Structures are given as structure tokens and as C-alpha cells.
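A.B. asks: The primary structure of each chain is shown beneath.
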Amino acid sequence: MKCALIQQELIELTGQELSHSLSQHLSECCECSSFWTELITLSDLLVTENFELSESESERLLQNIEDGIALRTIKLVNRRSFKLTQLIPIAASILLLFGINRMKPDQNRQITQIAETTIESDYYEPEETMVSELLSEYTSYRFAEPSETLLGDLTDDELAYLNDNFDVGDIL
Amino acid sequence: MAQESNDRIARLVEQAKRGDREAFSEIVKLVMNRVVALTYRITGNRETALDLAQDTLITAWERLEQFRGESSFLSWLMRIATNRSLNHLSRAVTVREQGVDPVTVEQISVSTSSNPEKELEGVELQQSVQSFMSKLPTQQRIAFELRFYQQFSFDEIAGVTGKALGTVKTNYRESIKKLRVWMKDKGHHS
Ligand SMILES: [Zn+2]
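Same order as they appear, the protein sequences are chains A and B.
The first sequence begins at 1 in this note's numbering and counts up one residue at a time.
The second sequence begins at 173 in this note's numbering and counts up one residue at a time.
Hints in this document: simulated from the structure, not taken from any laboratory.
Given the structure is predicted, the values throughout are model-derived calculations rather than measurements.
Among these hints, one or two may not hold up.
With a straight-line cut-off of 20 angstroms between C-alpha atoms, the simulated SDA-like cross-links for lysine to any residue are [what the hints assert, rightly or not]:
(1) B:201 x A:64
(2) B:350 x A:54
(3) B:335 x A:12
(4) B:350 x A:4
(5) B:189 x A:72
(6) B:350 x A:49
(7) B:349 x A:72
(8) B:307 x A:46
(9) B:358 x A:45
(10) B:189 x A:68
(11) B:358 x A:49
(12) B:350 x A:8
(13) B:201 x A:60
(14) B:189 x A:67
(15) B:201 x A:54
(16) B:349 x A:8
(17) B:349 x A:4
(18) B:358 x A:72
(19) B:349 x A:43
So these bits of chain A aren't anywhere near chain B, every CB distance computed over 10 angstroms [as the list claims (entries may be wrong)]:
(20) 6
(21) 15
(22) 18
(23) 19
(24) 21
(25) 22
(26) 26
(27) 28
(28) 29
(29) 30
(30) 74
(31) 93
Chain B stretches covered by chain A per the calculated footprint, using a threshold of three residues with CB under 8 angstroms from any CB of chain A [to be verified]:
(32) 195-201
(33) 255-266
(34) 314-321
(35) 333-343
(36) 349-358
From the three backbone atoms N, C-alpha and C, an ideal C-beta is built for every residue, glycine too.
Full structure from sequences and hints, please.
C.D. replies: Set out below in C-alpha cells:
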């Protein structure tokens, strides 16, 4: 009975090291000792079966994984860019209205001319700065190195926004 | 897996979590052979195994935030790989039931040897072992691969497969018992 239990334990240890107490038993028991020798033979036979990737398989796999990760990152960046693109006209509209409301009454008649020469006007300077910031943010996301635009960079709110508004199930 | 290697992977995982793709590539280099070994043991097809390993590692990158370090990173990866492979097998069974060609166990590529006779013997043995192993129940193949080749503890295998510890041990013992009988039938004696 004891030997049956020990042999069960020996099977579980196939390919592993024996504990001191088991070694002790094996030195005293012929049956368990020959049982273990058989398991070592099996182990030696099977160890040659260990899986090895060839060099070309390794290279191909590594490349495919890197391409796969880059592709997913670009997909996400494009969708994020889309969100920023949408923001630009909205931000510009808000700033335009805000700018007009801040004008002095005697300037109202000049609205049309100011609108045509916005770049030089003090009133439109903040707008220009903010739009250019948005544009630069958009451009940097659009053309950034993929490593700078990982999923991990997104906040929980941004991830929720993407989930709610776009079909990103395959990415997130 | 050696503790040193586990520690190195753990450090790289922390870097990768911060978005370091080069660190993740390093992880891939360290673990890809083991991931493919498992997907191959489960599916028996080398190309399928490579595809599943690729899928596993890309998924791991995407879900890196979800890895909390409660198990080793390798165990976490193996769990993804096991799930993907089992899903693949169940889809393959569906296809087979619909009358399309089943998944076939492919021939193993063999390294070149200067001794043609020994090489032939090696080829026959490998094909024969592989063919025999492919007939073992899937959970026994998984337990065997992870325990015998990848030196996982039974607890870790239970974590990977979601099976009870006792079930995992039984699966491993059964695979060894069957392989032992196979070895005797083939006339390999100690
Ligand atoms: Zn005994």
C-alpha cells in the first residue's frame, strides 16, 4: 500500500528531482527503485520532444507580433484623431462667439472687416492660439511614433469616450 | 522557470505597462518558444500554433493593464494561450462536424544530423511520440506540456487551466501512465 502511494508520487515527479525521503525509500525498495528507473528512461525519451522554434519561425513570429501591435496602435490613433478633428470647428465657433460678445459697441460695425482680418486683431489672438494648440495636438497624435500613443496613455474617461462613440471593440 | 528569468520578466512587464514597446519585445523573445510549445501541444499543428501564439501575445500587450501580478506573467500568458487554443479546437470540431477537413497532426520538422540512420530513427520516434501524444485527451496534453516541459507546479497549472488541483494531478499521472505503456509497447526498456 505504501509503495502504491509512493509510485503515484513518483509519477507526479517524472522529470523532476526526488525529495530526500523518497530517495531514502528507493534505496531500500527494489520495486519502487526499478519503477523510478523506468520513469527516468521515459523522461529521457520525451525530453528530446521538447518544442523548439526554428530561427525563421522566431523571426517571423516576432515581426508579426510587432506589426500587429503597431497596427492596433495606428487604428486607435486614427480614431482619436477623428475626435480631435471634430473638436476644432466647435472650439473655433465657441471662441468666435465669445470674441464677438467681448467687443465694445463702437466696434460692432467693424465686425465684417475684423472677421476678414482676424489674424491681426487682439481680440482674436486667444482663439488663434487655442486653435493652433488643438491643431498641433491633433498633428502630433496623427503623426506621432506609435510608441508615444499607446492605449495605456488614454485616461479612463477617454477610453469610455472611445467605447461609447466608436466601434473599438476589437481594440480595447 | 528559473527565478532569475521570472524576475527579469517581471521588471520588463513593469516597463511595458508604462508603454515601453521594446520592453514588451524583450518579453516576447523570452517567452515565445514556450507559448508556441503549449499551443502546439494542444493543436498538433505548427502553423496554427504560431498563429495562436501571435494572437496570445498581441492580446497580452493589449490587456497588459489587466495583469495584476497575482500569478506569474508566464502563467497569465499560458492561460490566454490555453483559452485561445481550446476555442480554436472547439471551432475546428464544429467545422469537422460540418464535413470539412479536420485539424491534422502535422509531421515534426527534424534538425539535420550527420548520422542518417540515427536521424531516421529520430524521425520515426518523434513522429510516433507526437502521434501518440496527440491522441491523449486535451487536458492531459496541457498538464503534460506545462508540468514536464515547462516545469510548472501543479498549483500553477490549476491556475492556468481553471481546474482543481486534484484534477490536474490526475491528468498528469494519466498522461505519464499512458506514455509509459506506449514506451513499453515500442520496446524501449531501461
Ligand atoms: Zn516501494
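A.B. asks: Does the structure break any of the earlier hints, and which numbers would those be?
C.D. replies: The structure conflicts with hints 2, 7, 18, 21, 33, 35, although it agrees with all the remaining ones.
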